[in-house]
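Line order of the protein sequences matches chains A and R.
If you're matching positions, the first sequence starts at 1 in full-length UniProt numbering and goes up one per residue.
If you're matching positions, the second sequence starts at 1 in full-length UniProt numbering and goes up one per residue.
Since the hints were derived computationally from the structure, they do not count as laboratory data.
Certain hints may be false.
A pair holds if it fits inside one copy or across any two, identical chains being indistinguishable in the list.
Mimicking DMTMM-like on lysine to aspartate or glutamate, the simulated pairs with C-alpha atoms at most 25 Å apart in a straight line are [to be verified]: (1) Lys85 x Asp75; (2) Lys100 x Asp151; (3) Lys100 x Asp51; (4) Lys68 x Glu133; (5) Lys85 x Glu46; (6) Lys100 x Glu33; (7) Lys113 x Asp51; (8) Lys100 x Asp75; (9) Lys129 x Glu67; (10) Lys85 x Glu67; (11) Lys68 x Glu91; (12) Lys85 x Glu33; (13) Lys148 x Asp75; (14) Lys129 x Glu46; (15) Lys100 x Glu67; (16) Lys148 x Glu33; (17) Lys68 x Asp151; (18) Lys113 x Asp151; (19) Lys68 x Asp127; (20) Lys148 x Glu91.
There are 2 protein chains.
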Amino acid sequence: MKSLLLSLLFAATGLARAAAPAASPIYGVTLPEGYRQWQFIAPAHETAPLDELRVVVGNPVAMAAIEKNQLPFPDGTVLVKLAWKHVQSAESPPAYVPGKATTVQVMVKDSRKYAATGGWGFGRFIDGKPADEAQHQTCWGCHQALVKNHDFVFTRLAP
Amino acid sequence: MKSLLLSLLFAATGLARAAAPAASPIYGVTLPEGYRQWQFIAPAHETAPLDELRVVVGNPVAMAAIEKNQLPFPDGTVLVKLAWKHVQSAESPPAYVPGKATTVQVMVKDSRKYAATGGWGFGRFIDGKPADEAQHQTCWGCHQALVKNHDFVFTRLAP
């Protein structure tokens with residue numbers, strides 16, 4: 001009886017763990033709910049070796065800031081970059097279209113929690129699961145080096 | 001006095017004409033309001049000679065149909081394709097990002113009004129103004145020839 005109770009307890013703990021969204025190493029960033037419905041900011045094409053098509057979307061806080069040309073982005077801003085393999089269209093060969101989804105990458109602005117990284121927390125997800133710590137160690141260095149003058153965000157609103 | 005009144009009349013007519021959204025030749029399709037806020041369906045990269053990045057968005061009728069895998073698309077569906085020049089990023093050279101906006105292209109489903117063209121009306125806009133009739137004569141032939149098995153729509157939901 002005791003072992004049955006323990007088994008049930010472990011099973012319940014496991015379920016609770018499965019239900020909680022997985023958080024990124026270092027930053028503890030999760031995939032935000034409903035981001036696929038968010039407004040798009042811009043597409044991009046990442047050439048080899050990644051060879052991807054991408055779309056960056058923003059939550060309402062992000063979009064309001066972008067409309068006002070507000071920099072730095074306010075706390076509560078969430079940006080999500082969706083990426084897919086860059087695949088030639090069978091129906092219209094001059095076009096390249098999204099193939100398999102590759103990564104979903106998230107930036108969350110919290111100027112106190114992430115004070116050491118420009119106010120941004122980062123998350124990189126593959127098939128809904130966070131990538132490893134080594135991958136998360138690369139985010140900040142690149143954003144810091146290349147787009148300091150745009151609050152460490154590469155994407156601009158597509159005109 | 002008479003000529004002043006006539007001048008005013010002409011001026012008022014001109015204003016009314018300017019205020020009404022310009023409609024595409026052949027189809028009478030206009031740019032829908034608020035489409036920049038619509039949900040994105042997929043990005044695309046159109047290689048030379050057009051050399052463009054694109055994003056297709058759908059109105060709520062379109063997105064509901066796509067969620068249900070509903071084909072043909074129901075009346076009231078509106079799809080909008082935004083396009084920009086495919087420009088190398090100065091900040092991250094492996095990436096290509098949106099340059100100058102080129103065209104905005106619209107498909108409107110109205111199975112009775114557009115019965116002769118698969119139920120679709122087409123509009124191609126440059127700087128907010130409809131392109132000429134010759135350009136609009138090319139839409140249907142290509143959609144009809146290449147994507148008959150997807151209700152004449154090239155774009156699929158990016159996974």
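Practice problem: Classify it for me, Lys148 with Glu91: is the Cα-Cα distance of at most 25 Å met within a copy, between copies, both or neither? | Solution: For Lys148 and Glu91, the Cα distance is within 25 Å only across copies (10 Å; inside one copy 41 Å).
Quiz item: Is it within, between, both or neither when you check Lys129 against Glu46 at 25 Å Cα-Cα?
Solution: within (22 Å within a copy, 31 Å between copies)
Quiz item: Is it within, between, both or neither when you check Lys85 against Glu67 at 25 Å Cα-Cα?
Solution: Between copies only: 22 Å across, 30 Å inside.
Quiz item: For Lys68 vs Asp151, is the C-alpha pair at or below 25 Å within one copy, between two copies, both, or neither?
Solution: Intra 15 Å, inter 39 Å, cutoff 25 Å: intra-copy only.
Quiz prompt | Intra/inter-copy verdict for Lys148 and Asp75 if alpha-carbon distance must be at most 25 Å | solution = Within. Shortest intra-copy distance 17 Å satisfies the 25 Å Cα cut-off; inter-copy 47 Å does not.
Quiz item: When no copy is named, should Lys85 and Glu46 be tagged within, between, both, or neither for a Cα gap of at most 25 Å?
Solution: This pair counts as both: shortest intra-copy Cα distance 9 Å, inter-copy 15 Å.
Practice problem: Indicate which option fits the pair Lys148, Glu33 if close means a Cα-Cα distance not exceeding 25 Å: within, between, both or neither. | Solution: neither (28 Å within a copy, 35 Å between copies)
Quiz item: Under a CA distance limit of 25 Å, which applies to Lys68 and Asp127: within one copy, between copies, both, or neither?
Solution: between (34 Å within a copy, 22 Å between copies)
Practice problem: Tell me, please, which holds for Lys100 and Glu67 at an alpha-carbon limit of 25 Å: within, between, both or neither? | Solution: Classified as between; 18 Å across copies, 32 Å inside a copy.
Quiz prompt | Intra/inter-copy verdict for Lys85 and Glu33 if alpha-carbon distance must be at most 25 Å | solution = within (23 Å within a copy, 32 Å between copies)
Exercise. Evaluate Lys100 and Asp75 at a C-alpha cut-off of 25 Å and name the case that applies: within, between, both or neither.
Key: neither (32 Å within a copy, 30 Å between copies)
Quiz item: What label fits Lys100 with Asp151 when the C-alpha limit is 25 Å: within, between, both, or neither?
Solution: Between. Shortest inter-copy distance 23 Å satisfies the 25 Å Cα cut-off; intra-copy 30 Å does not.
Going down the numbered hints, you'll see the structure goes against 1, 4, 7, 8, 16, while the others check out.
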